[in-house]
Amino acid sequence: MSKRLVAFDKIGISFDGRVLLENIDMTISEGEIVTLIGPNGSGKSTLIRTLLGLQEATSGEIVRHKTLRIGYMPQKLHIDPTLPLTVKHFLALVRGVDKQQILPTLEKLGIGHLLKSQVHVLSGGETQRVLLARALLNRPNLLVLDEPVQGVDVNGQVELYNLIENIRNELNCGVLMVSHDLHLVMAKTDTVVCINQHVCCSGSPQHVTGHPAYQALFGVPGADESIAIYAHQHDHVHDEHGSIVSEGGDAHGHDHSHCNHH
Amino acid sequence: MLDLLLRALLGGLGVAAVAGPLGAFVVWRRMAYFGDTLAHSALLGVALGFLLDINLNLAIIVLCVGLALVLVTLQKKHIIATDTLLGILAHSALSLGLVAVSFLDNIRIDLMAYLFGDLLAINQADVYWIYGGGFAVIALLVTFWKPLLAVTVNEELAKVEGYPVEAIRLLLMLLVALVIAVAMKIVGVLLITSLMIIPAATARKLSSTPVQMASFASLIGCLAVCGGLWASYRWDTPTGPSVVVCAALLFLIAYTLPFKRLR
Numbered sequence: 001m002s003k004r005l006v007a008f009d010k011i012g013i014s015f016d017g018r019v020l021l022e023n024i025d026m027t028i029s030e031g032e033i034v035t036l037i038g039p040n041g042s043g044k045s046t047l048i049r050t051l052l053g054l055q056e057a058t059s060g061e062i063v064r065h066k067t068l069r070i071g072y073m074p075q076k077l078h079i080d081p082t083l084p085l086t087v088k089h090f091l092a093l094v095r096g097v098d099k100q101q102i103l104p105t106l107e108k109l110g111i112g113h114l115l116k117s118q119v120h121v122l123s124g125g126e127t128q129r130v131l132l133a134r135a136l137l138n139r140p141n142l143l144v145l146d147e148p149v150q151g152v153d154v155n156g157q158v159e160l161y162n163l164i165e166n167i168r169n170e171l172n173c174g175v176l177m178v179s180h181d182l183h184l185v186m187a188k189t190d191t192v193v194c195i196n197q198h199v200c201c202s203g204s205p206q207h208v209t210g211h212p213a214y215q216a217l218f219g220v221p222g223a224d225e226s227i228a229i230y231a232h233q234h235d236h237v238h239d240e241h242g243s244i245v246s247e248g249g250d251a252h253g254h255d256h257s258h259c260n261h262h
Numbered sequence: 001m002l003d004l005l006l007r008a009l010l011g012g013l014g015v016a017a018v019a020g021p022l023g024a025f026v027v028w029r030r031m032a033y034f035g036d037t038l039a040h041s042a043l044l045g046v047a048l049g050f051l052l053d054i055n056l057n058l059a060i061i062v063l064c065v066g067l068a069l070v071l072v073t074l075q076k077k078h079i080i081a082t083d084t085l086l087g088i089l090a091h092s093a094l095s096l097g098l099v100a101v102s103f104l105d106n107i108r109i110d111l112m113a114y115l116f117g118d119l120l121a122i123n124q125a126d127v128y129w130i131y132g133g134g135f136a137v138i139a140l141l142v143t144f145w146k147p148l149l150a151v152t153v154n155e156e157l158a159k160v161e162g163y164p165v166e167a168i169r170l171l172l173m174l175l176v177a178l179v180i181a182v183a184m185k186i187v188g189v190l191l192i193t194s195l196m197i198i199p200a201a202t203a204r205k206l207s208s209t210p211v212q213m214a215s216f217a218s219l220i221g222c223l224a225v226c227g228g229l230w231a232s233y234r235w236d237t238p239t240g241p242s243v244v245v246c247a248a249l250l251f252l253i254a255y256t257l258p259f260k261r262l263r
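Going down the list, the protein sequences come from chains A and B. Just so you know, the UniProt record's numbering puts the end of the first sequence at 262, numbered straight through with nothing missing. Just so you know, the UniProt record's numbering puts the end of the second sequence at 263, numbered straight through with nothing missing.
FYI, nobody ran anything at the bench for these hints, they're computed from the structure. Ideal Cβ positions, reconstructed from N, Cα and C, are used throughout, including at glycine. What you were told as hints is all true, and nothing was included just to trick you.
Using 30 Å as the maximum straight-line C-alpha spacing, the simulated DSSO-like pairs for lysine-lysine come out as follows:
(1) B:Lys76 / A:Lys10
(2) A:Lys116 / B:Lys159
(3) A:Lys10 / B:Lys77
(4) A:Lys88 / B:Lys159
(5) B:Lys76 / B:Lys159
(6) A:Lys116 / B:Lys205
(7) A:Lys3 / A:Lys108
(8) A:Lys76 / B:Lys159
(9) A:Lys108 / B:Lys146
(10) A:Lys88 / B:Lys146
(11) B:Lys146 / A:Lys66
(12) A:Lys99 / B:Lys159
(13) A:Lys76 / B:Lys205
(14) B:Lys159 / A:Lys3
(15) B:Lys146 / A:Lys99
(16) A:Lys88 / A:Lys76
(17) A:Lys99 / A:Lys116
(18) A:Lys66 / A:Lys99
(19) A:Lys116 / B:Lys146
(20) B:Lys159 / A:Lys108
(21) A:Lys10 / A:Lys76
Here are some chain B residues the structure puts well away from chain A; computed CB gaps all over 10 Å:
(22) Tyr33
(23) Leu69
(24) Arg169
(25) Leu249
For reference, chain A alone in the conformation it holds in the complex (with noise of 0.2 Å):
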């Protein structure tokens, strides 16, 4: 059985009053991909957050295991522009970094030639490379993706997913990854964990999207068939309107309680 990374035990964080995260219970293990999805201001990047010590849970409690090493890809970089600063020195920033090691990760990212590219001029694409590369160096058994793929055509997104996958498989670290566009995340995915406050429903990606819990907050899968790749099973016909008709009975009668046991 393969190590568990983190556990989050019934994390809740509130501010001001208002409760943001409450009672989210989740592990990632090692070579596990964990897909974070949930709406704008579900509380995801609050509960990466947390994980990575730049806030405080306000309950529960996040247990690392004490080999755990982060690499963290952040949403975006943005450095100012009066700060010279090339790809290559941007890397080696990386705390406690190998430089030998720069060269080689930029060239498994397919981005061995922006080595002395200024930070300032890189494309929406090459950027998020580039902070998968820092990720990297950091030496990590766990890689933190927050939105990875922000700002990156199609065609890049697969082929970013694709690395990161590949990456999975090659060092065998754990991936938690953040979306809120999840129909490209979901063939790569281990472990969908939908949440918007709580966790509303986790499990296989098939389980997730054949949940009510999910489909009330992104709707019906396959709904838009030009941007689903993912392969995905009908477990559920439409009627004229578009709205689903159950098939199976029970499959959309079950309430959140029904879906936790993951």
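With the hints as your guide, set chain B onto chain A.
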């Protein structure tokens, strides 16, 4: 006379050499107004130093660091927007300093020299202080260059990678306070930030790495000091402002002429 000029030149070059690299950090972290606030409070440090009869430089450093800590604490509480807070503190501290100075009946203070600097008034002890403080600043900058830069580039990444972000931020404030104390004799509290910011901003045009920008800022600052001193000698203009005008001219030249960035 020659002795006087030489000492002024030595002191000025020492200050410019240190203000440059630190100025780069001030520019990168958008701390210009913050530096101004600390500089303005330095006058209060002078007054307190006289009142309590302690070393003026020490009084300035203690006061600047204290003010920086107050600032950070208030900032975290989000009581009021940071720029408003800085504006309040900067001018209150300056006014408080001016009021405090007026209470010093038995001591005559050349207020203009503290406000705008008097390069020609520096003595042997000042030169030692400038070079002692200057070497301390440079040594700290070199030793902690990587963490300082990492925290400047992205605090969150730095924190996740295990850099002691809070301590580094504090170090930077201490360095700014040191430079202010060191530079006050030369350009005065009102013009100190310009000696940090203008050469750094000028250096930006010519640099493609942080180290380049920091070292060019030093060089450009030294050029400005030479030019300012010469102008001051030639036309009998006030030295501090002459140095700043010279720095501003260099900035204009760098941004109007088609210089190419070093690779």
